[in-house]
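Number of protein chains: 2
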Amino acid sequence: MLDDKNPKRTSLEQLGEFGLINHLTKDFTLQHKSSIKGIGDDAAVIDFKDKKTVISTDLLIEGVHFDLSYVPLKHLGYKAVMVNLSDIYAMNATATQITVSIAVSNRFPLEALEELYSGIALAAKTYNVDLVGGDTTSSTKGMLISITAIGQANEEDLVYRNGAKPNDLLVVTGDLGAAYMGLQVLEREKEVFKVNPNNNPDLSMYTYIVERQLKPEARKDIVPLLNALEVKPTSMIDVSDGLSSEILHLCEQSNVGCNLYEDKIPLDPTVISSCEEFKVNSTTVALGGGEDYELLFTIDQKEFPKIKGNPNLTVVGHMTDKNEGVHLISRNNTKIPITAQGWNSLSEEQ
Amino acid sequence: MLDDKNPKRTSLEQLGEFGLINHLTKDFTLQHKSSIKGIGDDAAVIDFKDKKTVISTDLLIEGVHFDLSYVPLKHLGYKAVMVNLSDIYAMNATATQITVSIAVSNRFPLEALEELYSGIALAAKTYNVDLVGGDTTSSTKGMLISITAIGQANEEDLVYRNGAKPNDLLVVTGDLGAAYMGLQVLEREKEVFKVNPNNNPDLSMYTYIVERQLKPEARKDIVPLLNALEVKPTSMIDVSDGLSSEILHLCEQSNVGCNLYEDKIPLDPTVISSCEEFKVNSTTVALGGGEDYELLFTIDQKEFPKIKGNPNLTVVGHMTDKNEGVHLISRNNTKIPITAQGWNSLSEEQ
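Chains U and G, in that order, give the protein sequences. Under the UniProt record's numbering, the first sequence has 8 at position 8, and the numbering climbs by one with no breaks. Under the UniProt record's numbering, the second sequence has 93 at position 93, and the numbering climbs by one with no breaks.
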């Protein structure tokens, strides 16, 4: 339903591999002084002087991570960058460069890749990162995107997953579950579309959750916010697989337990109403949904006054001794063990 | 014919995504002081102090870049690392870290990925690079490998593609065309195998060229060699797509022309004999074959005495003014324009 109706199709073979890279990247300019050499040599060169280099990489595969029947290519390009930048911000670092590799089958014309790159360009501009390298090749089936994000930080600012202590507060940015509910809406519309291709769905009431799915924003703002508040988290992770999975990562690596309070989990009203409509439990969605790209972190209790009342930050629980385990404290005050309900890419496979 | 006969098959679903990463990477230890944080957080952290960071990335896709019917998985893992390290050495830099992302369909059991990672581990150990990150996910079809290599260099040591000057000598390491001829042998044996699966081929006379195809070695030795000889190339590139394609890159980016002498192109005797057997022109193979992973560079003429007689280095031509064009000077002294006959991944597509 969101397909590109543009009839222009330029075959990739006409351009060749190097022609294609040059064509797709010709409007990307280097903004960072640290980007010494970008695309066009054997490797990119980056100069971080006395700062640390932070590197993260992700693969996105058609049919596994995205469905082009409802994801516009421009949004896909944007989201692919977000997924990676989110990891850099979760280190309390600044993202500065990306490399983008794509493989496509010959069912994609040049115009499709231009759409994809327009989304990558928008993300790069909005988030102030330079495209400095990549690879473009053919695939035997479908599209895949591999992005490596590079960032920098002072050593003393870096935040790992392993620094949480018992009694630390557990804090999450923004709200949770919206991307998952947006996906439910899109998948439902796809089924309707299969039956009646002329159906023109009104998705306006779902704008927030559909946008959270199609065009998520990484929390670039949180690193400077915490810096301004003079709060350094003791541990941090981004919420890509669902809150429960991320809490378990922090607990395992920090060797602590956790109590998460169900009534504290931040949910947008659209998430609550769509959960009612789809007859799913909103807590289950927040815990297992994934793709929120919010940041989850722990802070010492004495830092609480600094973050109290900030609309971006919600305290959702506290860390405990490891032997107390990892639990959800439900609204009716029962303790439910948290297990990884995060999206597991390998078991999702058909 | 080179299939793994091991009947043990552990389904990837049993492990899950994080279990799989942990399992495959548990024996990788960090060797470099610069590798501050490896696998297990949102991103890796690297400390290059006052050196420059060098980054390169490549995608390898089953059915496009490799054929598992004759490439053992261990060799594939090794080669995937080589392809990337070669790019770092082509910057006259030292490779220090890699990230490895893989996507596999559920036809691959855990044991297959262990084989792949044993090759990656061997390459990492032999070339002294740390595995510091990656991503593991499912694909809808086949296997793909995305590797990012990270290296370091002093700013004054970096060599780009754009520094060649007219009259500079064009130098290549090792010999050319062997990987391509090895592929011809393997593809012929695959066809024989289809007809008679019990045929046990004797490939001993092709050992060198088959090894060059299946288990290439990146020229890690050349960077310290040039340093010891006190030669800094004016431009450099690695030979991944074939000599002609690489010469054209150097000429285009350096704004020069080139005369390449056919009788100087270094060829192993096995390449010459297999070219006769397969009735192909050995110069065509060297120019267009690709996957040699040798280094091609230019030096000022006054440096010639320093490299003269070195068995690793062959002067194959010299650069000219741009308006003289890019030519092969054939054995019978005719000038033949060089065009990109390098393997073009997009037009190769079926």
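Please note: incorrect hints may appear among the correct ones.
Note that identical chains are pooled: a pair holds if it fits in a single copy or bridges any two copies.
Pairs of lysine to any residue residues, derived as SDA-like cross-links and limited to a Cα-Cα distance of at most 25 angstroms, are as follows [said to hold, decoys possible]: (1) K335 to P201; (2) K26 to N162; (3) K194 to I36; (4) K141 to A112.
Simulated from the structure, these hints should not be mistaken for laboratory data. If you're wondering where the values come from, they're calculated on a predicted model, not measured in any experiment.
Do the hints match the structure? See the list:
1. K335 to P201: neither (41 angstroms within a copy, 65 angstroms between copies)
2. K26 to N162: Cα proximity of K26 and N162: across copies only (18 angstroms, versus 41 angstroms in one copy).
3. K194 to I36: neither (49 angstroms within a copy, 51 angstroms between copies)
4. K141 to A112: both (15 angstroms within a copy, 21 angstroms between copies)
Hint violations for this structure: numbers 1, 3, all remaining hints satisfied.
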